[in-house]
Each structure stands twice: as C-alpha cells, then as structure tokens.
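*Asks:* Letter by letter, the chains look like this.
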Amino acid sequence: MKTRILTLLLSVLIATSISAAELTVHAAASLSDAMNEIGRAYEKESGDKLRFNFGASSMLARQIEEGAPADLFFSADEAKMDALEKKDLLLPGTRRSLLSNFLVIVVPADARATPKSAADLARPEFKKLALAEPQTVPAGIYAREYLQKLTLWDAVKDKVVPTENVRAALAAVESGNVEAGIVYKTDSMISKKVKIAVEIPPAEGPKISYPIAVLRSSKQPDRAKRFAEYLAGPVARPVFEKFGFSFAK
Amino acid sequence: MTAEAWQIVFFTIEVAALSTILILPLGVAVAWLIARRDWHGKAIVETVVMLPLFVPPVATGLVLLMVFGRHGLLGSVLQRGLGVEIVFTWRAVVLACAVMSFPLLVRTAQTAFQGVSARFEDIARTLGASEWRVFATISLPLATRGIVAGAVLAFARAMGEFGATVVVAGMIPRKTMTISLSIYQNIQLGHDAVALPLLFVSIGIVFITVLCGQIISMRKRPR
Amino acid sequence: MSLQLHNVRLPLAEFALEMDAMFDRPIAGIFGPSGAGKTSLLDLIAGLRRPIAGTVRLDEKVIFDAAVRLNLPPRLRRIGYVPQDLALFPHLRVRANLMYGYRSPLMENELFTLGHVGEVMEIAHLLERNVTTLSGGEQQRVAFARGILSVPCLLLLDEPMSSLDSRLKKRLIPFLLRIRDEFRIPLIYVTHDAGELVALCDEVLVLERGRLIERGSPADVLA
Numbered sequence: 000m001k002t003r004i005l006t007l008l009l010s011v012l013i014a015t016s017i018s019a020a021e022l023t024v025h026a027a028a029s030l031s032d033a034m035n036e037i038g039r040a041y042e043k044e045s046g047d048k049l050r051f052n053f054g055a056s057s058m059l060a061r062q063i064e065e066g067a068p069a070d071l072f073f074s075a076d077e078a079k080m081d082a083l084e085k086k087d088l089l090l091p092g093t094r095r096s097l098l099s100n101f102l103v104i105v106v107p108a109d110a111r112a113t114p115k116s117a118a119d120l121a122r123p124e125f126k127k128l129a130l131a132e133p134q135t136v137p138a139g140i141y142a143r144e145y146l147q148k149l150t151l152w153d154a155v156k157d158k159v160v161p162t163e164n165v166r167a168a169l170a171a172v173e174s175g176n177v178e179a180g181i182v183y184k185t186d187s188m189i190s191k192k193v194k195i196a197v198e199i200p201p202a203e204g205p206k207i208s209y210p211i212a213v214l215r216s217s218k219q220p221d222r223a224k225r226f227a228e229y230l231a232g233p234v235a236r237p238v239f240e241k242f243g244f245s246f247a248k
Numbered sequence: 000m001t002a003e004a005w006q007i008v009f010f011t012i013e014v015a016a017l018s019t020i021l022i023l024p025l026g027v028a029v030a031w032l033i034a035r036r037d038w039h040g041k042a043i044v045e046t047v048v049m050l051p052l053f054v055p056p057v058a059t060g061l062v063l064l065m066v067f068g069r070h071g072l073l074g075s076v077l078q079r080g081l082g083v084e085i086v087f088t089w090r091a092v093v094l095a096c097a098v099m100s101f102p103l104l105v106r107t108a109q110t111a112f113q114g115v116s117a118r119f120e121d122i123a124r125t126l127g128a129s130e131w132r133v134f135a136t137i138s139l140p141l142a143t144r145g146i147v148a149g150a151v152l153a154f155a156r157a158m159g160e161f162g163a164t165v166v167v168a169g170m171i172p173r174k175t176m177t178i179s180l181s182i183y184q185n186i187q188l189g190h191d192a193v194a195l196p197l198l199f200v201s202i203g204i205v206f207i208t209v210l211c212g213q214i215i216s217m218r219k220r221p222r
Numbered sequence: 000m001s002l003q004l005h006n007v008r009l010p011l012a013e014f015a016l017e018m019d020a021m022f023d024r025p026i027a028g029i030f031g032p033s034g035a036g037k038t039s040l041l042d043l044i045a046g047l048r049r050p051i052a053g054t055v056r057l058d059e060k061v062i063f064d065a066a067v068r069l070n071l072p073p074r075l076r077r078i079g080y081v082p083q084d085l086a087l088f089p090h091l092r093v094r095a096n097l098m099y100g101y102r103s104p105l106m107e108n109e110l111f112t113l114g115h116v117g118e119v120m121e122i123a124h125l126l127e128r129n130v131t132t133l134s135g136g137e138q139q140r141v142a143f144a145r146g147i148l149s150v151p152c153l154l155l156l157d158e159p160m161s162s163l164d165s166r167l168k169k170r171l172i173p174f175l176l177r178i179r180d181e182f183r184i185p186l187i188y189v190t191h192d193a194g195e196l197v198a199l200c201d202e203v204l205v206l207e208r209g210r211l212i213e214r215g216s217p218a219d220v221l222a
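Residue numbers (numbering that gives the first Met the number 0), protein chains in the order written: chain A, 0 to 248; chain B, 0 to 222; chain C, 0 to 222.
Certain hints may be false.
[As the list claims (entries may be wrong)] Calculated cross-link-like contacts (lysine-lysine; reagent style PhoX-like; alpha-carbon spacing at most 20 Å): (1) A:Lys48 - A:Lys224; (2) A:Lys148 - A:Lys115; (3) A:Lys224 - A:Lys184; (4) B:Lys174 - A:Lys156; (5) A:Lys126 - B:Lys174; (6) A:Lys218 - A:Lys126; (7) A:Lys115 - A:Lys192; (8) A:Lys158 - B:Lys174; (9) A:Lys218 - A:Lys86.
Note that these hints are calculated values from the structure, not bench results.
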C-alpha cells in the first residue's frame with residue numbers, strides 16, 4: 000500500500016515537472032515590451048512558464064559566463080553572442096540572428112532645441128547626451144560606432160552620460176535631465192515623453208543584429224528550442240513588427 | 000595604477016571630504032536637538048533622518064533625482080534661478096554621499112551628546128550661560144570625541160557610496176566616476192584586473208581613516 | 000534675602016513634593032532620608048525643574064508662578080548651585096571653571112574677585128591645574144569658589160561633602176562659614192549628616208516623602 004502511494008506521489012511530481020517547465024530567458028532591455036507580450040501568449044499556448052531577465056546584453060552575457068542559470072540568451076549584438084560561443088557556452092546549432100533595429104536620436108517631448116542631424120549634437124545647446132554605456136552595451140556601441148564613422152565622436156564624447164542599458168538612456172531623456180539621447184527606434188516608440196529628432200538611415204547606420212541561442216547549461220533544451228522556434232515563427236512576427244523591429248536577412 | 004585611476008581616487012576623496020564637511024554643521028545641530036530637546040514632530044524628523052540607512056540606496060537616489068532633476072522641486076529652482084545643474088555632475092555625487100552618510104553622523108553625534116552628563120549643562124545654566132553658550136562651551140566640547148567618530152564614519156560611508164550615486168550622478172568618466180563606480184564598470188567590462196588595485200586603494204584609505212578615528216577616540220582625556 | 004515657596008507642587012516618581020515655606024536665615028539646612036526629594040527641591044529653586052503649581056519668590060521678585068506660566072530660566076535667577084558630584088567641567092582648567100559664571104558685581108567690589116576668592120578658599124595655587132587631578136578637598140573648594148564667583152543672591156549646596164571622610168569635612172566647614180561671613184551669601188544646605196547640621200545651620204527643615212515635617216534649630220530637630 001505504502002509503495003503504491005509513494006509511486007503515485009512520485010509520478011504526480013514528475014508529471015507536473017514535465018508538463019509545466021520554467022524557462023529562464025536573458026534578453027536585451029530593448030526587447031522587454033515585445034517579449035512580455037509574446038511571452039504571455041506562449042505561456043497560454045504551451046503551458047510553460049517564462050521568466051525573463053532583461054538588461055544590457057553585456058551584463059547578461061557576463062552573468063551567463065559567471066554561471067547564472069538560463070535557458071536562452073537573446074542579445075542585442077552579435078559580439079556578446081560570439082563571446083559566449085568562444086567559451087563554448089552555447090548549445091551548438093541553436094544560434095540564429097533574428098531581429099534588426101534602427102537607431103534614432105530622441106529629445107524630450109517638450110524640448111525646444113531639436114537636432115536636425117547627428118552633427119547638430121556638437122552644438123552648445125546640447126549639453127548632455129544620454130547613451131547606453133558606449134564601451135560595453137550594444138546600443139551604446141552602435142551609437143558610438145556611428146558617431147565615430149561621422150567623425151563626430153570627439154566633439155560629443157564629453158557630453159555623454161553613460162547609462163546602464165538603453166532603457167535607462169531613454170528614461171534620462173524622458174526626465175528632461177539630458178537634452179538628447181541615442182536609442183533604438185523601438186524604444187522611442189513606446190515612450191510618449193520623447194520625440195524622434197533624427198532617424199538614422201539604415202544604410203548609414205550600423206548593422207544592428209539580435210541573435211538568439213539556447214545555452215548549453217539549459218536543463219530543458221527541447222523546450223528552450225521550442226520557444227526559440229516560436230519567436231521566429233508566424234505568431235511572434237507581427238508582434239515584433241508592431242513594436243518596430245525589423246527582421247534579420 | 001594608471002594616472003586615470005589616481006584621478007578617480009583623488010576625486011573620490013575630495014567628494015567624500017566635501018560631503019562630510021557640508022553635513023557637519025547641520026548634522027551636529029540635528030543631533031543635539033534630538034538628544035536634548037523634545038518638540039512636536041520629533042519622531043517624524045528622527046525617522047526621516049534615519050531613512051537613508053534602511054531604504055535601498057537606489058531608491059534614495061531616485062528620490063534625489065526627482066527632487067534635484069531639471070524638472071524637480073529644487074532642481075528647477077536651482078537651474079532657473081542660479082543656472083546650477085546638479086544631476087549628472089560632481090555636485091550630484093556630493094549630494095548622494097551627503098544624504099547617505101548623514102544618518103551615521105547624526106546617530107553617532109546624538110549618542111555623544113547624550114553621553115554628556117546633563118548635570119554639566121544644568122550647572123552651566125545656573126552659572127548664567129545662555130542656551131547657545133551651554134552648547135558651545137559645554138555640550139560640544141564634551142561631545143567632540145563622539146562627533147569626530149561620527150565624521151569619520153560619514154567619510155568612510157561616502158568613500159564607498161554607490162547605489163544613490165549611480166542613479167543621480169551616473170558613471171561619467173572624469174566627471175562623476177568614483178572608486179565604487181569605476182570598480183563596477185570594470186567588472187562589467189570584464190577588466191577585473193583593473194578593478195583590483197582600485198579596490199585595495201579604497202580599502203586602504205578607509206582603513207587608515209577609521210584607524211585614525213579610533214586613535215582620536217581613545218586618546219586619554221582627563222576625566 | 001528671603002526665598003518664599005508658596006503652595007509649590009512638583010510630582011516625582013513615587014510622590015509629589017509639596018512645599019510652603021520661607022527661607023531667610025543665613026544658612027538653612029535641609030535634612031531627611033535619601034529619596035525624600037531634597038535634590039528635587041534644590042533643582043526646583045534653581046529653575047532646573049518646573050513645578051506644576053504654586054509660586055516662588057526671591058526677595059520681592061516672582062521667579063515662578065504656575066498660574067500665569069511665569070518661569071524664570073536658571074541663568075536669570077542668580078541662584079548658585081553646588082551639586083552632589085560637584086560637576087566641575089572636566090575639559091576646563093580650574094581658572095576657566097571658576098570664571099565660567101563670573102559676573103562683575105554692580106559696584107566696585109574687592110570681595111568678588113578671582114584673587115580674593117582664591118585666597119579665601121585657598122585655591123590660588125591651583126588655578127592652572129586640571130580639575131580632574133585635584134584631591135577631593137581641593138575640588139570641593141573649587142566648586143564652592145565657582146559658586147561664589149557667580150555672585151549669587153543665594154547658593155544651594157547638595158550634600159557637597161558626602162563623599163569626604165570626617166577629617167576632611169571638619170577642615171572644609173570653616174570655608175563654608177567664610178562664604179557666609181566674608182561674602183555674605185545665604186546658603187541652603189542639603190545633608191543627611193547631623194554633624195554638618197549642627198556645625199553650620201541656623202535652622203533645619205526636615206523633609207520626608209516630599210513634605211516638610213519639622214522645622215527648628217539643629218538641636219531641636221535632632222533631639
């Protein structure tokens with residue numbers, strides 16, 4: 000009798016653990032709104048629970064390197080994914096480039112001074128420029144590389160207020176404590192407190208690419224792969240589009 | 000240690016020292032009022048003073064950002080009236096350090112004042128001293144040791160300040176980069192090796208400061 | 000000088016101090032068991048504690064009146080106080096202690112000068128000393144001298160010699176008499192030592208549980 004109860008309990012435990020897994024997804028801060036929406040739909044459909052960890056891709060990559068448990072990594076640039084691949088932390092065959100994005104220069108919604116081009120940022124009326132950390136965070140790196148390409152970096156680098164991630168740069172512009180910021184177009188679209196001053200044309204701007212991969216340390220790689228497939232699939236695509244993302248070629 | 004690293008060290012020492020000097024008068028006054036007087040709303044003031052000790056530092060930083068930002072209650076006045084900007088400048092670093100170390104100074108100074116026998120103050124009054132004279136010639140000198148200890152604690156706390164600073168001042172190289180912020184940034188960059196010397200220097204400075212504070216406290220004073 | 004307490008009431012821990020009495024003798028003694036309220040009575044007279052009812056008059060001046068909320072602060076009462084532990088300021092030298100409450104007398108007076116008081120109390124040679132290095136008897140005399148030099152209308156002494164041995168007490172009694180004779184300052188002297196009562200006091204008031212239960216000459220009261 001006792002063994003029967005025990006087996007029953009055990010099978011219930013295993014069953015529940017099989018049928019309702021929890022996936023931990025480390026994703027770039029700029030993806031937060033889109034991923035939350037897609038995630039809710041996926042949870043209903045699959046029964047899996049999703050746990051998102053949003054932040055600067057540089058910080059997330061570092062956490063993964065240090066052993067933070069995660070199933071998937073959705074980065075805002077290829078460099079961070081390369082770093083993990085070199086350390087053999089990715090599950091082979093699961094890496095793919097999914098999304099692309101654009102850079103924009105934003106100003107507070109009620110700003111009087113508006114730059115007409117990136118070169119205007121060098122003018123004195125723009126005293127502070129919010130960028131995600133230009134050495135480490137993808138959004139900041141993209142912005143810096145663009146400004147360097149236009150040989151504007153030296154003129155503006157003393158104005159830079161580096162932030163932890165691109166959403167923090169957005170928040171700095173929203174608060175009015177900086178005159179302008181460079182963020183992703185997708186970020187500018189979710190905020191009513193900023194307006195786009197300059198859209199950086201895709202031909203001129205840096206190649207922005209968001210790769211995703213399953214991590215080797217994932218305890219449920221099959222479920223993780225399923226979610227990655229879902230993100231590339233027809234249900235998720237219109238949601239990404241709605242938020243302003245474009246797709247990797 | 001590069002020249003840049005030394006600049007960060009000296010900057011941190013300067014802001015910590017400045018913030019400690021700035022909070023001393025108000026901190027000592029508040030400590031004395033709490034130790035020696037009762038008044039309406041005293042409990043509320045005491046609680047507000049202690050808040051930065053218990054509230055998450057980033058939350059305190061957020062409050063400072065909201066108040067001293069360009070659109071904030073005080074920030075807008077300062078900007079429009081005096082043309083002075085606080086957030087994302089070295090002033091914000093001093094502000095963050097001052098606010099975070101204030102409760103430590105008040106607590107320690109308060110204990111120091113409470114340790115001064117009220118009898119001394121009473122006798123001074125019977126000898127004709129005004130309240131100000133009692134404070135300046137009796138309470139303050141007899142509480143000096145404790146007040147110095149409080150200032151040392153405040154300085155050490157300011158040297159290590161991070162959470163509030165990162166929110167209200169950011170990590171702007173050469174402008175608001177303190178030792179703690181630099182260590183954090185280097186960790187993020189994966190440059191742990193650069194962070195280590197900074198770490199040792201900051202521990203060393205605080206160690207020496209606190210040691211001096213201890214020596215001052217323990218110096219034989221004639222009882 | 001006359002000190003008049005009229006229907007004064009001061010609640011204490013276990014009972015209330017209630018006093019209706021006049022003091023007009025050169026040296027009045029307050030006698031009673033410990034806990035009777037003797038120190039509280041002196042505190043009340045000096046203005047260090049505030050009764051909830053009654054009036055206190057010093058000569059013709061009202062220094063406390065509960066009905067009209069009049070309460071003259073200690074520094075304006077010109078009532079000197081030598082407390083039980085003497086309360087000599089430990090951070091000041093003898094000279095600074097003595098001169099702390101010094102008020103120039105209204106008229107040219109050779110009596111109330113540091114030199115003369117120092118001579119009479121035999122402490123002139125101790126002026127540059129640190130008070131904590133003085134002997135018990137020396138500290139006593141410095142405390143008396145400090146009280147005298149504030150040129151008070153009345154000097155209160157709270158068991159000033161309780162920590163001294165009888166030999167030393169005998170030696171100090173003449174100094175107290177000098178305060179009466181040389182400086183003509185009336186004293187109110189609290190003690191539980193019968194010998195001091197007999198040697199010093201013109202009359203004795205006996206206090207028990209906050210009330211005056213007997214009054215008379217030392218001989219009458221001790222019988």
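*Asks:* Each hint should be assessed against the structure and marked as holding or not.
*Replies:* Cross-check of the supplied hints:
1. A:Lys48 - A:Lys224: Distance of about 14 Å is within 20 Å: holds.
2. A:Lys148 - A:Lys115: Distance ~18 Å between lysine 148 of chain A and lysine 115 of chain A Cα, so the pair holds.
3. A:Lys224 - A:Lys184: Answer violated: lysine 224 of chain A to lysine 184 of chain A is near 28 Å, above 20 Å.
4. B:Lys174 - A:Lys156: Answer holds: lysine 174 of chain B to lysine 156 of chain A is near 12 Å, not above 20 Å.
5. A:Lys126 - B:Lys174: Roughly 14 Å separates the two Cα atoms, so the pair holds.
6. A:Lys218 - A:Lys126: violated, 49 Å
7. A:Lys115 - A:Lys192: The given pair, whose Cα atoms are some 19 Å apart, holds under the 20 Å limit.
8. A:Lys158 - B:Lys174: holds, 10 Å
9. A:Lys218 - A:Lys86: holds, 18 Å
The structure is inconsistent with the numbered hints 3, 6, although it conforms to all the rest.
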